[in-house]
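Participant: All the letters of the sequence shown, read from the start, carry residue numbers 17 to 151 under this note's numbering.
A few of these clues could be false.
[Unchecked claim] Derived pair list, reagent style BS3-like, types lysine-lysine, alpha-carbon separation capped at 27 Å: (1) K124 with K138; (2) K124 with K139; (3) K124 with K83; (4) K43 with K146; (5) K146 with K133; (6) K108 with K124.
Since the hints were made in silico from the structure, they are not lab data.
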Amino acid sequence: MCHQTVSLVARYLEDHGIPTVIMGCAKDIVEYVGVPRFVFSDFPLGNAAGRPNDPDSQAATLELALKVLESAVGPRTTVQSPQRWSNDPDWKLDFSNLERISPEELEKRRRAFDENKEIARKKREAEGIKTHAAE
17 MCHQTVSLVA RYLEDHGIPT VIMGCAKDIV EYVGVPRFVF SDFPLGNAAG
67 RPNDPDSQAA TLELALKVLE SAVGPRTTVQ SPQRWSNDPD WKLDFSNLER
117 ISPEELEKRR RAFDENKEIA RKKREAEGIK THAAE
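Model the full assembly from the supplied sequences, consistent with the hints where possible.
Facilitator: Put into structure tokens, the structure is as follows:
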């Protein structure tokens, strides 16, 4: 779900007495919307809960979010996660930058993406799960 949508939902919930904390990677968007509590991870989009396939990173992010939920000192509290995606700041230049990916690597990634979509489709089909496109 997009950062703006999550942030607007959090504002709505807060207005109705339900405390929230947002875990996100798009600091500018979340802070602009003005959520009460925000844990910022300087990770690529889609990784707000921690590094993929890294339960320790994910647990640390969740623990930090719960601490922020419990102890934020005021509205619009932002806490930056101490975790780093990489020690090399150039990851931001490389991550999903089509100009820096060879045509061969791009094709490899497309094939892997298509294979994963097919696996998911077959799993949904086997479990009888219908999608809007299939209905």
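Participant: Is K146 within 27 Å of K133, Cα to Cα?
Facilitator: holds (15 Å)
Participant: For the pair we were handed, K108 and K124, check the Cα-Cα distance against 27 Å.
Facilitator: OK: K108 and K124 at ~21 Å, within 27 Å.
Participant: K124 and K83: Cα distance at most 27 Å?
Facilitator: Status violated; Cα separation ~41 Å.
Participant: Taken at face value, is the distance from the CA of K138 to the CA of K124 at most 27 Å?
Facilitator: Judged against 27 Å, a Cα distance of about 21 Å means the pair holds.
Participant: Is K124 within 27 Å of K139, Cα to Cα?
Facilitator: Holds, at roughly 23 Å.
Participant: Starting from K43, check that the Cα of K146 is at most 27 Å away, please.
Facilitator: The hint is violated at about 35 Å.
Hint compliance for this structure: hints 3, 4 are not met, and every other hint is.
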